[in-house]
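Participant: So you can see what is in the structure, the chains are spelled out below.
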Amino acid sequence: MNKRSCIRQRLSKIVIYIALISLAISILVPLFWVFTASIKENSEFYGNPWSLPKGFHWQNFVDAIQRAKMGEYFLNSVLVTFLALAILILVSVPAAYVLARHDFKGKKLFNILFMGGLFINVNYIVVPIFLMLLGWNRTAMGLIGRGIFLDNLFVLAVVYAATNLPFTIYLLSNFFRTLSKSFEEAASIDGAGYFRTMISVMVPMAKPSIITVILFNFLAFWNEYILALTLLPGTNKTLPVGLVNLNQAQRGAARYGQLYAGLVIVMLPTLFLYVLVQRKLTQGMTIGGVKE
Amino acid sequence: MKHKGLNLFIYTCLAPAVVLFSVFMIYPTLSVFRMSLYKWGGLSAKRTFVGFDNFKTLMGDRLFLKAFQNTILVITIVTIVTLTIAILFAYILVREKIKGQNFFRIIFYIPNILSIVVISAIFSAIYAPSEGLINGLFRMLIPNWENIQFLGNQNIVMYSVIGAMIWQAIGYYMVIYMASISSIPLHLYEAAEIEGANRIRQFFDITLPLVWDTVRTTLTFFIISSINISFLITTVLTGGGPNGASEVFLGYLYKQAYTNASYGYGMAIGVVVFLFSFLLAAIVNRITKREVLQY
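Just so you know, the protein sequences line up as chains A and B, in that order. Under this note's numbering, the residues of the first sequence are numbered 16 to 307, in order. Under this note's numbering, the residues of the second sequence are numbered 807 to 1101, in order.
A portion of the hints provided could be inaccurate.
In the DSS-like style, the derived pairs of lysine-lysine whose C-alpha atoms are separated by at most 25 angstroms in a straight line are [unchecked claim]: (1) B:Lys872 / A:Lys295; (2) B:Lys903 / A:Lys18; (3) B:Lys852 / B:Lys1061; (4) B:Lys852 / B:Lys862; (5) A:Lys196 / A:Lys123; (6) A:Lys28 / B:Lys903; (7) A:Lys222 / A:Lys196; (8) B:Lys905 / A:Lys18; (9) B:Lys862 / B:Lys872; (10) B:Lys1061 / B:Lys872; (11) A:Lys120 / A:Lys196; (12) A:Lys295 / A:Lys222; (13) B:Lys845 / B:Lys862; (14) B:Lys1061 / B:Lys862; (15) A:Lys295 / B:Lys903; (16) A:Lys28 / B:Lys905; (17) A:Lys122 / A:Lys196; (18) B:Lys872 / B:Lys845.
Think of the hints as simulated: they come from the structure by calculation, not from any bench. Since we're looking at a predicted model, the values are computed, not measured.
All chains should be modelled from the sequences, with the hints used to inform the complete structure.
Facilitator: Now the structure itself:
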């Protein structure tokens, strides 16, 4: 290799590194800044935004958790996320299994229906869902004297699970299809019924896929905003909705520290999870529809 | 006897999923179409059938046309910029010997795990006029720096929103392209190298044609997610302001439905957006069709 092409290669390497590092910085710096801002005192926000905090002002977190009720919202978010995950897995695993492994009347229709569901986005149907629950509330009002379908964390969890069914069933049934028929035959020879075969033979094998599905849906549920905003119009809120409120209140009352502490509270669980399972997440993406 | 048990098993497994899916997805979707034909205001159950009147009004609605324009701007710029950066970085990370390759992949994917609400809050800190990160940085570098109103200027606000969307999307698409690029057999590149093709030639003659199918799939993702994410980000970051300058499709739908309590009109917007995104995806799918190359 001659000297000139050597220099050119060097140069292109440098350009590549500059590009990569710039993007990395543009992601890491704002995140880092949020963490430092969460321990700044309010007066520090009026100076240079790039200055480092003068000390650890933990009061921000205490204020966010108590005064801005982020602690309460955190528990709500945990509850809704876990309920939704539980419902989703209980409902989607048997359905995906049956759709992938058994032949029956109407199988094609159900497959098409769930596939079509992949194209329905929640943002389009929030309004009809809200109006439907409002209607149920009116009926409930007539029967038992109070509406129970809005402002209800359990209902929100059910809606979360229902709207993520198509994606989850799609992923899981894709996996179930790859398993060999001999597993079921062996189980049948051993005298296991259909239900036993599913629970003790097939589901354990699907564990890696189920974990991937749980990860993606955990992020989706924990971060969800529009449904939570619409279906919980009262004082019961989830973290993202609480954060937006804090963001809007902060503009008027200038309580910046509290806002960034709230931001850290919302971000931390997902970042923590990501550090633990990043490999699984970025690999799991390829078992979706886009693998060639 | 056995057969009967099997059917019972199958339908028991399927029933909960079908019920939930029908009640919370199919029925609401059908409602969108049905409601778009009604004039339906307020929370009262009073509604009148008006046929296609809502759609006629929509065509002359200046705010809706603005939202239309903004959405097309978002789809175009976000797709072109994100796709270019994501595929180039994916190519570099897979093909070049880069130190810290894993590190970059992990970092670039982070925005994708954050809530849109968190991203919006971060960008409102970045874009803020006097206490914002960008203006603060330029104030340190340039003495007489005049603060840019990233979110307050009607001409700039859409580009600020687009910036946040690109930041959010690059890592996600990069990981998709990385998976696709790394499945290309190495001997193709080796052969090209012997023939004297440089890295840029290799990218256009080997990588791009072989991942074209993935690119096409992601183009559909881009259209759908641009419509959705622009809605979520503008809702939190700008509220559609200033003066409707950053209004997008679904944001306008939401506003009509809740602030204005015109549910029928809002749903007519939903129908138009739904059809628009389907049509656009079909067109894009058609014009990007190439003969599939095998390796």
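Participant: Given the hinted pair Lys28 (chain A) and Lys903 (chain B), is their Cα-Cα distance within 25 angstroms?
Facilitator: 9 angstroms, holds
Participant: Assess, step by step, whether the Cα of Lys872 (chain B) is no farther than 25 angstroms from the Cα of Lys295 (chain A), and give holds or violated.
Facilitator: Violated, at about 42 angstroms.
Participant: Run the distance test for Lys1061 (chain B) versus Lys872 (chain B): straight-line Cα separation, threshold 25 angstroms.
Facilitator: 14 angstroms, holds
Participant: Quick one, are Lys295 (chain A) and Lys222 (chain A) close enough, alpha carbons at most 25 angstroms?
Facilitator: Holds, at about 13 angstroms.
Participant: Are Lys872 (chain B) and Lys845 (chain B) close enough, with their CA atoms no more than 25 angstroms apart?
Facilitator: At roughly 23 angstroms apart (the allowed maximum being 25 angstroms), Lys845 (chain B) and Lys872 (chain B) satisfy the hint.
Participant: Is it true that the CA of Lys120 (chain A) sits at most 25 angstroms from the CA of Lys196 (chain A)?
Facilitator: The hint holds at about 20 angstroms.
Participant: Between Lys862 (chain B) and Lys872 (chain B), is the straight-line Cα distance small enough, at 25 angstroms or below?
Facilitator: 16 angstroms, holds
Participant: Within a Cα-Cα threshold of 25 angstroms, do Lys28 (chain A) and Lys905 (chain B) meet the stated pairing?
Facilitator: Given that 25 angstroms is the threshold and the Cα spacing comes to 11 angstroms, the pair holds.
Participant: Run the distance test for Lys196 (chain A) versus Lys123 (chain A): straight-line Cα separation, threshold 25 angstroms.
Facilitator: Holds: Lys196 (chain A) and Lys123 (chain A) sit about 20 angstroms apart, inside 25 angstroms.
Participant: Taken at face value, is the distance from the CA of Lys196 (chain A) to the CA of Lys122 (chain A) at most 25 angstroms?
Facilitator: Roughly 18 angstroms between the alpha carbons, so the hint for Lys122 (chain A) and Lys196 (chain A) holds.
Participant: So if I understand the rule, the pair passes when the alpha-carbon distance is 25 angstroms or less; does Lys1061 (chain B) with Lys862 (chain B) pass?
Facilitator: 19 angstroms, holds
Participant: With the threshold set at 25 angstroms, check whether the alpha-carbon distance from Lys852 (chain B) to Lys1061 (chain B) stays at or below it.
Facilitator: 20 angstroms, holds
Figure legend: structure checked against the earlier numbered hints; the only hint not met is number 1.
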